[in-house]
Amino acid sequence: MPELPEVETIACGVDERLRGDRIIQAWFSRHPRLFKTPAKNQSEGLAGRTLLGAHRTGKHIVCELGSASGPGAGDRIRRASVPEAQWIVHLGMTGRLLVTTPESPVESHTHARLCLASGRELRFVDPRRFGRLEFRDLRREAGFSGPGAEPLSIGPEAFAALFHGRQLPIKAALLNQTLLAGVGNIYADESLFHAGIRPRRQAGRLSRTEMERLRLALREVLEHAIRLGGSSVSDYVDANGVRGFFQLEHCVYRRTGEPCRRCQTPIRRILLAGRGTHYCPQCQH
DNA sequence: CATTTCACCTGGTGGC
DNA sequence: TGCCACCAGGTGAAAT
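Just so you know, we're using our numbering here: the first sequence kicks off at 9 and counts up by one.
Note that these hints are calculated values from the structure, not bench results.
Quick reminder that beta carbons are idealized off the backbone N, C-alpha and C, glycines included.
The reader is advised that the hints may include incorrect statements.
The list that follows gives simulated cross-link-like pairs (lysine to aspartate or glutamate, EDC-like), each with its CA atoms no further than 16 Å apart [unchecked claim]: (1) Lys48 - Glu115; (2) Lys48 - Glu142; (3) Lys44 - Asp145.
Label-pair distances were calculated between CB atoms; the ranges are [what the hints assert, rightly or not]: (4) Thr264 - Ser215: 26 to 34 Å; (5) Trp35 - Gly212: 46 to 54 Å; (6) Thr273 - Glu111: 28 to 36 Å; (7) Ala55 - Ser215: 27 to 35 Å; (8) Arg227 - Gln33: 39 to 47 Å; (9) Arg269 - Thr45: 41 to 49 Å; (10) Gly282 - Glu228: 40 to 48 Å; (11) Glu149 - Gln290: 50 to 58 Å; (12) Leu146 - Ser116: 31 to 39 Å; (13) Thr45 - Glu257: 24 to 32 Å; (14) Gly173 - Glu52: 44 to 52 Å.
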């Protein structure tokens with residue numbers, strides 16, 4: 009479900025609402041594939057820790073956690089401000105993070121329930137179970153960082169270098185998380201439309217001008233989508249249960265046969281890299 | 001190594 | 001209403 013703008017919205021929501029709260033205990037479902045760190049280790053690792061903050065890296069939500077010392081520890085305030093662990097959430101295709109209370113009915117496909125000192129509960133719900141949950145003890149392992157570049161901050165040279173010499177279609181390159189982190193199917197199609205580039209063009213054969221058009225289009229599309237709270241294609245909601253509105257601005261994604269917003273030509277759909285791919289045959293070359 | 005395909009899952013939609 | 005085929009915001013392993 010979620011790409012960079014949706015993940016950014018959710019991570020910010022979690023940060024604003026839960027920063028400073030403490031995890032009393034954590035419960036997890038019994039679907040081992042969901043857990044990059046075994047569920048038992050996650051429960052033990054999370055219990056008692058303060059949530060110092062949450063942010064996004066690529067499509068991952070990273071929760072920074074303080075020490076697990078109990079409320080009686082004398083130096084807990086100083087120590088609590090230094091991250092000692094991380095809880096890393098990837099939402100996969102259908103994952104959601106919800107802030108609720110223990111009393112609110114537990115939906116089916118709920119895989120994590122974090123009971124918080126404030127009396128609230130943070131839940132992870134994921135019907136298709138493509139999501140991943142991971143715990144890192146920073147005293148024993150490095151903090152999370154994906155290999156891909158951040159599309160919002162990458163400069164012209166580095167962006168062009170990503171695609172140099174590559175023969176795969178530009179859309180496949182945009183989706184490759186080890187090149188750029190956070191771009192998914194919606195924003196790949198939308199940014200290629202705004203840059204006027206066909207999705208099947210070979211990545212390494214784009215002109216310098218086209219590369220720069222694409223870099224700027226990608227950044228503008230992502231920033232615009234973040235301002236609108238992301239795209240709600242089916243049931244996506246942020247941590248407050250609020251839907252995004254960027255789907256109203258989609259120019260090509262899931263608009264097969266509908267008139268292009270710029271030239272009225274019907275939007276075309278093809279299959280590329282196994283994904284539905286949408287473009288305007290008139291505006292994109 | 002670079003690139004493509006497919007399995008992993010459940011649920012919604014639309015045709016018959 | 002039921003059944004079925006097809007589609008879906010993502011990845012990572014296996015095949016080519």
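Against the structure, the hints come out as follows:
1. Lys48 - Glu115: violated (22 Å)
2. Lys48 - Glu142: holds (11 Å)
3. Lys44 - Asp145: holds (13 Å)
4. Thr264 - Ser215: 26 to 34 Å: Holds, at about 28 Å.
5. Trp35 - Gly212: 46 to 54 Å: holds (48 Å)
6. Thr273 - Glu111: 28 to 36 Å: violated (53 Å)
7. Ala55 - Ser215: 27 to 35 Å: violated (55 Å)
8. Arg227 - Gln33: 39 to 47 Å: holds (41 Å)
9. Arg269 - Thr45: 41 to 49 Å: Taking Cβ atoms as reference, Arg269 and Thr45 lie about 45 Å apart, which means the hint holds.
10. Gly282 - Glu228: 40 to 48 Å: At 27 Å between Cβs, range violated.
11. Glu149 - Gln290: 50 to 58 Å: holds (51 Å)
12. Leu146 - Ser116: 31 to 39 Å: Given a distance of about 34 Å, which is inside 31 to 39 Å, the answer is holds.
13. Thr45 - Glu257: 24 to 32 Å: violated (38 Å)
14. Gly173 - Glu52: 44 to 52 Å: Once the Cβ atoms are compared, 47 Å apart, the range 44 to 52 Å for Glu52 and Gly173 holds.
Going down the numbered hints, you'll see the structure goes against 1, 6, 7, 10, 13, while the others check out.
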